[in-house]
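K.L.:
Sequence:
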Amino acid sequence: MKKILSVLAISMLLLGCKDDSKNIQKETTESEQEREVTSDAEDWTVLFDGASFENWKEYLNEGVSDNWKIEDNAMVFYPPKDRENGQAFNLVTKNEYTDFVLTLDWKISEGGNSGIFWGVKEDPSLPEAYQTGPEIQVLDNEKHPDAKAGTTHQAGSLYDMVSPVKDVTKPIGEWNTCVLTINHKTNKGSVVLNNVEIVTFSVNNPEWSAMVAKSKFADWADFGKYPTGKIGLQDHGDMVSYRNIKIREL
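Numbered per the working numbering, the sequence shown spans residues -16 to 233.
Treat the hints with care, since some could be wrong.
Claimed, not checked - 25 Å max Cα-Cα, derived PhoX-like pairs, lysine-lysine:
(1) K52 <-> K229
(2) K197 <-> K104
(3) K40 <-> K52
(4) K149 <-> K199
(5) K104 <-> K131
(6) K229 <-> K168
(7) K104 <-> K168
(8) K197 <-> K171
(9) K171 <-> K149
(10) K77 <-> K40
(11) K104 <-> K229
(12) K77 <-> K104
Just so you know, the hints here were simulated from the structure itself, not pulled from any lab data.
Using the sequences plus the hints, can you model the full thing?
P.N.:
Quick look at the structure:
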């Protein structure tokens, strides 16, 4: 009987040690996860905090015009009623980026059109940001005619080059969350819209050049030629809003 009790006592002691070991391991894992989240948060740069245009300017201009306003923690573009011929109010970041993850929310007006650029080379000889910067389409798929021009023109597409695998846009008036990744080290670009990866593409030659050659940009001398460039938000003549903009360099 004493032997049986001794065996039970030892078994309970070992079991308790095993449970303690599990708890220690769980605490360590949770602590590691907290450190990773903290570290990851430190890697992000806020490009728009809902309060100022500190990190932005208009393409080929020094500041930001009154056509862009800050409302409810979002930057909102109001197209001018009297636009001079050739006048545009595209926004670009003050800094340039090469490999990155960009995340932002966008909300397009009914029947509206806009876009997210990267690799923008700001040059006085190039009057428009889209002459260099590839675009991720921002669009009302239901009511803008561009959506009828093919799926490579629909929201979330790599404009005129890669179609989204499905339409995951929210109804007009609601926010869409877009995550754009450009990584020349792994030769991959991707678009995640509303938590669904809808577009992937190569960003390096020869695959990139072959893709451009099949698009409307085939004869554009400067299009998509700059691995390092500015992030841009397009003035396409329609009201559009952006918020929660941040970037993590890779």
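K.L.:
Determine for every hint whether it applies to the structure shown.
P.N.:
Against the structure, the hints come out as follows:
1. Between K52 and K229, the direct Cα distance comes to roughly 19 Å. Compliance with the 25 Å bound is thereby established for this hinted pair.
2. The straight-line distance between the Cα atoms of K197 and K104 is roughly 22 Å, inside the 25 Å bound, and the hint therefore holds.
3. Using a Cα cut-off of 25 Å, the hinted pair K40 and K52 holds, with the two alpha carbons roughly 13 Å apart.
4. For the suggested pair K149 and K199, the alpha carbons sit about 22 Å apart, so the restraint of at most 25 Å is met.
5. In summary, the hint linking K104 to K131 is not supported, as the alpha carbons are separated by about 30 Å, beyond the 25 Å threshold.
6. The suggested pairing of K229 with K168 holds, with an alpha-carbon distance near 21 Å, which does not exceed 25 Å.
7. Under the criterion of a C-alpha separation no larger than 25 Å, the hint pairing K104 with K168 is consistent with the structure, at around 21 Å.
8. For the suggested pair K197 and K171, the alpha carbons sit about 19 Å apart, so the restraint of at most 25 Å is met.
9. Our distance criterion of 25 Å between C-alpha atoms is met by K171 and K149, whose separation comes to about 19 Å.
10. For the hint linking K77 to K40, the alpha-carbon distance of about 6 Å falls within 25 Å, and the restraint holds.
11. Restraint check for K104 and K229: the C-alpha separation of about 20 Å stays at or below 25 Å, so the hint holds.
12. For the hint linking K77 to K104, the alpha-carbon distance of about 11 Å falls within 25 Å, and the restraint holds.
Hint 5 from the earlier list is the only one contradicted by this structure; the remaining hints agree with it.
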